[in-house]
Each structure stands twice: as C-alpha cells, then as structure tokens.
Amino acid sequence: MDPSPPGFVKINCDAAWSDPSSPCGIGVVIRDHQYTVKGGSARSICCNSTYPLIEEIRRKSLQFSEIYWDWIPREANTVAHTAASLAKGTVGLNRWANTPPPSLLRVLKIDGLPCPPRQSS
Numbered sequence: 001m002d003p004s005p006p007g008f009v010k011i012n013c014d015a016a017w018s019d020p021s022s023p024c025g026i027g028v029v030i031r032d033h034q035y036t037v038k039g040g041s042a043r044s045i046c047c048n049s050t051y052p053l054i055e056e057i058r059r060k061s062l063q064f065s066e067i068y069w070d071w072i073p074r075e076a077n078t079v080a081h082t083a084a085s086l087a088k089g090t091v092g093l094n095r096w097a098n099t100p101p102p103s104l105l106r107v108l109k110i111d112g113l114p115c116p117p118r119q120s121s
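The sequence shown maps to residues 1 to 121 in UniProt numbering.
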C-alpha cells in the first residue's frame, strides 16, 4: 500500500455480501500519509446491486477539491474488508475518529500499520 502525500488522506472502502437477499456490509477506513488511522465507518444496508453504492461514492467524492481513484487487491484492503464483513450483521452506523473499534485493532496489528492506542474511559 502506497502512502498518500502529506496533506492528503487515503480512504479505503469495501463492501461484503453473504448472499444477494441479505444485507450488505460497508466498511471505510481513513488514513493519513503516515498510515495513522484518522477515522472510518461501518454500516449494514439492504442493497441487491452495487450501482447505488457507486453513486453514493460519486456524490460524496464531489466534496473533495482533489481526488485520485485506484483499485487495490483485497490483500491490501484487509481493514476496510473486515469492517464491511463485521457490519453485515449489525444495525445502524458505527463511526469512529482517531481510535478504531476494538474489533479492528487485531487486523490493524496484523496489517503492520500503526493504530492509535485505546483510551480508557
């Protein structure tokens, strides 16, 4: 995985389906140029086509002044894929900033990239 240039973020996303009649999980992970997780989200949606997902991504991409697109293999997208897979069975939206949920910490560690420490409450 190539780093983003300083001042940019890299947004990895993935979708996961068990079968076409069940909800789809969507996972998004945002990292800075030092691979530090800056935020992300995971949610479950009912969708039998990728077209609405692609359209939503296109609409949201208009909020950026500069954007670059690239396909990456699943092996380089494990954190977003795991977030999407975990979201399949959930209800609602799970968003985080700076500190990913505990369910992703193991994947981030395996990924070999830095993740912020969990803060105790």
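Do not take every clue at face value.
In the DMTMM-like style, the derived pairs of lysine to aspartate or glutamate whose C-alpha atoms are separated by at most 20 Å in a straight line are [to be verified]:
hint	residue 1	residue 2
1	LYS10	ASP111
2	LYS88	ASP19
3	LYS109	ASP70
4	LYS60	ASP32
5	LYS60	ASP19
6	LYS60	ASP70
7	LYS10	GLU56
8	LYS38	ASP111
9	LYS10	GLU75
10	LYS109	ASP19
11	LYS38	GLU66
12	LYS88	GLU66
13	LYS10	ASP32
14	LYS88	ASP32
Hints are computed from structural coordinates only; laboratory data are not their basis. Note that the structure is a prediction, hence the values are computed from the model and not measured.
Discussion item. Tell me the hint numbers this structure goes against, listed in increasing order.
Written reply: Violated hints (numbers, rising): 3, 5, 10, 12, 14; every other hint is consistent with the structure.
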